[in-house]
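Based on the sequences and whatever the hints tell you, model everything.
So the chains spell out like this:
Number of protein chains: 2
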Amino acid sequence: DTLTQGQYDTVYNFLSLVIASQLFTAVFLVIAMPRILPRYRQAITVAIVVCGIAAYHYFRIFDSFKEAFVSDAAGGAGVYTQAVGASFNEGYRYVDWLLTVPLLLLELIAILALARKVQTSLLLRLLPAAALMIILGYPGEMSDDNMVRGIFGLLSTIPFLYILFVLFTQLTKSLASQPASVRRTLSQLRFLILLSWGVYPIAFLLPILNIEGSDAWVAMQVGYSVADILAKAVYALIIFYVARMKSYDDD
Amino acid sequence: DTLTQGQYDTVYNFLSLVIASQLFTAVFLVIAMPRILPRYRQAITVAIVVCGIAAYHYFRIFDSFKEAFVSDAAGGAGVYTQAVGASFNEGYRYVDWLLTVPLLLLELIAILALARKVQTSLLLRLLPAAALMIILGYPGEMSDDNMVRGIFGLLSTIPFLYILFVLFTQLTKSLASQPASVRRTLSQLRFLILLSWGVYPIAFLLPILNIEGSDAWVAMQVGYSVADILAKAVYALIIFYVARMKSYDDD
Ligand SMILES: CC1=C(/C=C/C(C)=C/C=C/C(C)=C/C=O)C(C)(C)CCC1
Ligand SMILES: CC1=C(/C=C/C(C)=C/C=C/C(C)=C/C=O)C(C)(C)CCC1
Numbered sequence: 214d215t216l217t218q219g220q221y222d223t224v225y226n227f228l229s230l231v232i233a234s235q236l237f238t239a240v241f242l243v244i245a246m247p248r249i250l251p252r253y254r255q256a257i258t259v260a261i262v263v264c265g266i267a268a269y270h271y272f273r274i275f276d277s278f279k280e281a282f283v284s285d286a287a288g289g290a291g292v293y294t295q296a297v298g299a300s301f302n303e304g305y306r307y308v309d310w311l312l313t314v315p316l317l318l319l320e321l322i323a324i325l326a327l328a329r330k331v332q333t334s335l336l337l338r339l340l341p342a343a344a345l346m347i348i349l350g351y352p353g354e355m356s357d358d359n360m361v362r363g364i365f366g367l368l369s370t371i372p373f374l375y376i377l378f379v380l381f382t383q384l385t386k387s388l389a390s391q392p393a394s395v396r397r398t399l400s401q402l403r404f405l406i407l408l409s410w411g412v413y414p415i416a417f418l419l420p421i422l423n424i425e426g427s428d429a430w431v432a433m434q435v436g437y438s439v440a441d442i443l444a445k446a447v448y449a450l451i452i453f454y455v456a457r458m459k460s461y462d463d464d
Numbered sequence: 214d215t216l217t218q219g220q221y222d223t224v225y226n227f228l229s230l231v232i233a234s235q236l237f238t239a240v241f242l243v244i245a246m247p248r249i250l251p252r253y254r255q256a257i258t259v260a261i262v263v264c265g266i267a268a269y270h271y272f273r274i275f276d277s278f279k280e281a282f283v284s285d286a287a288g289g290a291g292v293y294t295q296a297v298g299a300s301f302n303e304g305y306r307y308v309d310w311l312l313t314v315p316l317l318l319l320e321l322i323a324i325l326a327l328a329r330k331v332q333t334s335l336l337l338r339l340l341p342a343a344a345l346m347i348i349l350g351y352p353g354e355m356s357d358d359n360m361v362r363g364i365f366g367l368l369s370t371i372p373f374l375y376i377l378f379v380l381f382t383q384l385t386k387s388l389a390s391q392p393a394s395v396r397r398t399l400s401q402l403r404f405l406i407l408l409s410w411g412v413y414p415i416a417f418l419l420p421i422l423n424i425e426g427s428d429a430w431v432a433m434q435v436g437y438s439v440a441d442i443l444a445k446a447v448y449a450l451i452i453f454y455v456a457r458m459k460s461y462d463d464d
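Residue numbers (the working numbering), protein chains in the order written: chain Y, 214 to 464; chain W, 214 to 464.
It is possible that part of the hints are untrue.
What the hints assert, rightly or not - Now the stretches of chain W that chain Y is said to cover, found in silico as 3 or more residues with beta-carbon under 8 Å:
no.	segment
1	215 to 229
2	237 to 248
3	286 to 292
Claimed, not checked - Example chain W residues on the side facing chain Y (calculated, C-beta under 10 Å, incomplete):
no.	residue
4	S234
5	A281
6	V283
7	L443
Please keep in mind that the hints were generated in silico from the structure rather than gathered at the bench. Glycine included, each C-beta is placed from N, C-alpha and C at the ideal position.
Structure, rendered in structure tokens:
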């Protein structure tokens with residue numbers, strides 16, 4: 214596949230935007246953590262680790278992209294073709310998600326500060342489903358065959374729907390026990406999750422639709438990038454806000 | 214030997230997964246350490262160092278892998294062959310283990326917080342055996358001769374079994390003196406050790422069995438990688454959990 218310079222620049226700058234968003238969300242949280250009561254620091258610590266992992270992987274994705282597409286025109290103008298002996302490694306995203314998706318769920322459950330038994334039961338249901346969802350998506354993503362992509366995408370959708378179901382039924386139930394000051398925010402957070410997580414399967418599907426090759430690929434990269442900013446960095450900042458409100462309330 | 218693109222991607226992404234797991238487990242522990250009582254910080258400090266050493270070696274292993282296998286097809290598609298003048302250095306793993314295996318045992322003994330005399334006696338038995346196990350395995354791993362591989366593998370198994378024997382008899386005995394809140398976790402930790410440490414000799418054996426060349430090698434890399442995540446990162450997180458529970462109890 215080849216990319217026009219416009220396509221190349223678009224992907225390049227979106228990847229760069231993700232690096233900056235994740236890295237400095239993590240930095241912000243490290244600096245701001247002392248303002249949170251110790252009992253809510255577990256959630257913030259997990260958020261820092263998630264954004265850190267994402268920043269790390271986006272550095273790698275960025276380098277992989279720069280190596281994989283090359284132009285032989287002066288000033289990098291013209292068309293970018295695939296380099297000899299280097300491929301863009303989409304696998305980094307799955308390695309990232311395998312670690313961060315379970316952690317994002319953990320982050321949410323930590324901030325809710327539910328009874329220990331409810332916590333354990335939620336984690337035992339959500340974490341394995343999250344890992345399964347990512348592991349099943351991987352062979353589909355790495356395959357050049359749209360048939361294989363479709364089948365594994367479908368399989369991966371089963372744990373995906375299960376996670377959304379558990380989140381919406383169980384968390385909706387737990388909203389009642391949350392302090393009034395954060396109930397509304399937590400309720401909206403469910404929709405941020407739905408909105409951002411929903412982008413992934415759609416972006417995954419793009420290469421299957423019969424859009425002109427590179428356009429689909431570029432749209433997929435942009436989709437994954439925007440979703441990663443919403444699902445990790447924006448999400449972390451909302452969790453931080455909830456942690457601060459709860460810290461005031463308890464004080 | 215040659216690798217298909219699928220095999221290359223598999224090893225590549227597993228190595229990358231190990232880097233991220235070890236690095237961010239270390240980061241997590243650094244951030245979370247203040248929540249642990251000082252008397253249990255020794256174990257966490259050792260865990261941070263272990264995960265840090267592992268992350269460092271996996272960066273090196275990853276680079277060594279990328280240098281050792283090359284493709285001359287556009288987009289890195291097609292077959293990867295061994296590069297001219299560069300070999301994959303399996304030795305990094307042994308350098309890593311020589312340092313981390315004794316430290317892992319130290320980590321365990323630190324978290325148990327046994328009487329000083331019992332501690333010293335355990336360390337004097339376990340640490341030299343651990344070093345011996347790794348040193349004896351090294352010549353087997355570096356040799357192309359399956360005979361040599363087998364002999365040193367067998368010699369290395371003697372201290373391996375001794376370590377497992379000491380761990381299971383002595384630690385089982387010490388469980389009785391542990392606080393009730395962590396007894397179950399510590400008991401399960403023995404099985405995590407058995408399970409994860411048991412992968413190494415099996416992965417080591419794979420090249421001897423007469424599986425088609427590269428498949429055995431790929432399976433060995435994946436085996437070592439998964440075992441390293443379990444034996445260091447997951448292990449560290451369990452030790453952290455025990456340290457937190459003990460900190461609550463003592464508080
Ligand atoms: C359903 C589905 C998928 C879902 C992926 C999701 C939901 C990923 C979420 C990632 C997050 C939240 C990352 C982090 O911050 C895949 C694997 C694309 C494969 C196709 C089917
Ligand atoms: C018995 C045996 C081995 C055992 C290796 C082990 C048990 C390694 C453990 C490593 C750990 C725990 C690393 C760290 O995290 C070797 C050397 C492969 C050689 C073959 C025989």
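Comparing the hints with the structure gives:
| no. | hint | in the structure |
| --- | --- | --- |
| 1 | 215 to 229 | holds (count 6) |
| 2 | 237 to 248 | holds (count 6) |
| 3 | 286 to 292 | holds (count 5) |
| 4 | S234 | holds, 7 Å |
| 5 | A281 | violated, 13 Å |
| 6 | V283 | holds, 6 Å |
| 7 | L443 | violated, 14 Å |
Hints 5, 7 from the list above are not met by this structure, while the remaining hints are.
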